[in-house]
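Novice: Residue strings, one per chain:
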Amino acid sequence: MLLLLLGIILLHVAALVLLFVSTIVSVWTSGDSNTSDLWRNCTLYAVGHSCNPASTGEWIQAVQALMILSIIFSCLSLFLFFCQLFTLQKGGRFFLTGAFQILASLFVMSGAIIYTVLSPEWVPEKNTFGYSYILAWVACPLALISGLIYVILRKRE
Amino acid sequence: MLTVLALTSVVLLGVVPEQSQAITIYTGWERHALVGSDIRLSCSFFSWRWISEDVTFSWTYRPDGSRDTISIFHYTGGEAYVDNKGPFRDRLEFVGNPNRRDGSILIKNLDFSDNGTFTCDAKNPPDIVGRPSSVRLLVFEKLPIQAGVITGAIIGVVLGLLVLIVVIYYLMRFLVARRVFSLNVSKHGKKKKEGSQQRQGPAPPADPAKVKAAASEKKKQESRKDKK
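Which chain is which? The protein sequence lines are A and B, in order.
Under UniProt numbering, think of the first position of the first sequence as 1, with each following residue one higher.
Under UniProt numbering, think of the first position of the second sequence as 1, with each following residue one higher.
Calculated from the structure, these hints are not laboratory results.
Among the hints, erroneous ones may be present.
[What the hints assert, rightly or not] Partial list, derived from the structure: chain B residues whose beta carbon lies under 7 Å from chain A:
1) Leu143
2) Ile145
3) Ile150
4) Thr151
5) Gly156
6) Val157
7) Val158
[Unchecked claim] Partial list, computed: chain B residues near chain A (C-beta under 8 Å):
8) Pro144
9) Gln146
10) Ala147
11) Gly148
12) Ile154
13) Ile155
[Said to hold, decoys possible] From the derived model, a few chain B residues whose C-beta atoms are all more than 10 Å from chain A:
14) Tyr26
15) Ala33
16) Arg49
17) Ile51
18) Asp64
19) Ile70
20) Asn84
21) Ser113
22) Asn115
All C-beta atoms, glycine included, are put in the ideal place defined by N, C-alpha and C.
In isolation and in its complexed conformation, chain A is listed as follows:
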């Protein structure tokens, strides 16, 4: 029982950490010597980095907002899990926690989809997707699985 609890919490925290890294580190696209998005574009020169704020288009801002919202909802879900752990009756389901976690994964998915669809517009051809982008796509199914586990989990003891 305790092992199950620990495993679930670990999964949730792993998804949360991935979300944090994906949002904060600004490496959604990377080229030979430059990385760009979500918050700033950096170019590597011989003497060091030179960073400018990212373009302020509407869609980049929408992706930023969706990533931040997913972090907020995932944190709220973790907090609600601990609340419901102590207040739920025996046999009850963690619906609220699961709902928030599933919403968080939906937000990450829509953010990543918007970025994928619109990145040819603001990124030159020879750049590839960076690791923040990949982490966002990994965090989405993790959060989804975590949310589904909460929904089907029943409280014992």
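With chain A's structure known, arrange chain B on it following the hints.
Specialist: Relative to the frame of chain A, chain B by itself:
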């Protein structure tokens, strides 16, 4: 005692302007404008002295990427002299009021070649020591949205909806509890229990709020029922 204080303050006020207090000039830092529009570049100054009749304003312009500075406006002796040969010929107008320390100019029909730095220098004799202030003009085809406006708006709307749903849910619960209570008061005895059970059943579908609110309410009601 008071007279001594008054005298010293008058003497000090008389003495202070004798020392060279610099004149401070204020313009904006950066101005954004659309192609074809007009823009008012404001320039004002602060000086310890009264405005003299020989107050002068002068504006100079340095295009982006160039090192040359050209003079485009000069106000002296009560007369404004605008650019009549340079890039702002027939487009410049003086809209300031020197008596109110305002030396603003109006540039009409902006173009991309007007990108650059405009420097305002004001002198109020005998207060002539000061540092000119510059404002940078950026001309856009369409004004870019400021960073973070849409981000903040989306986050605010979603969180606001969340708070609204929570408030509506608790309000509904409170109202249902109150209705049950008033039923208890009006009808006595066994009928009130049947009435309260019937009330809790059809309450969610009868809710005229949004479908999303009803769906999440159902989830929460189920979890509440599971609790009980």
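Novice: Run every hint past the structure and note whether it holds.
Specialist: So, going through the hints one by one against the coordinates:
no.: 1; hint: Leu143; result: violated, 11 Å
no.: 2; hint: Ile145; result: holds, 6 Å
no.: 3; hint: Ile150; result: holds, 4 Å
no.: 4; hint: Thr151; result: holds, 4 Å
no.: 5; hint: Gly156; result: violated, 9 Å
no.: 6; hint: Val157; result: violated, 9 Å
no.: 7; hint: Val158; result: holds, 6 Å
no.: 8; hint: Pro144; result: holds, 5 Å
no.: 9; hint: Gln146; result: holds, 7 Å
no.: 10; hint: Ala147; result: holds, 4 Å
no.: 11; hint: Gly148; result: holds, 7 Å
no.: 12; hint: Ile154; result: holds, 4 Å
no.: 13; hint: Ile155; result: holds, 5 Å
no.: 14; hint: Tyr26; result: holds, 26 Å
no.: 15; hint: Ala33; result: holds, 17 Å
no.: 16; hint: Arg49; result: holds, 43 Å
no.: 17; hint: Ile51; result: holds, 42 Å
no.: 18; hint: Asp64; result: holds, 17 Å
no.: 19; hint: Ile70; result: holds, 30 Å
no.: 20; hint: Asn84; result: holds, 39 Å
no.: 21; hint: Ser113; result: holds, 24 Å
no.: 22; hint: Asn115; result: holds, 18 Å
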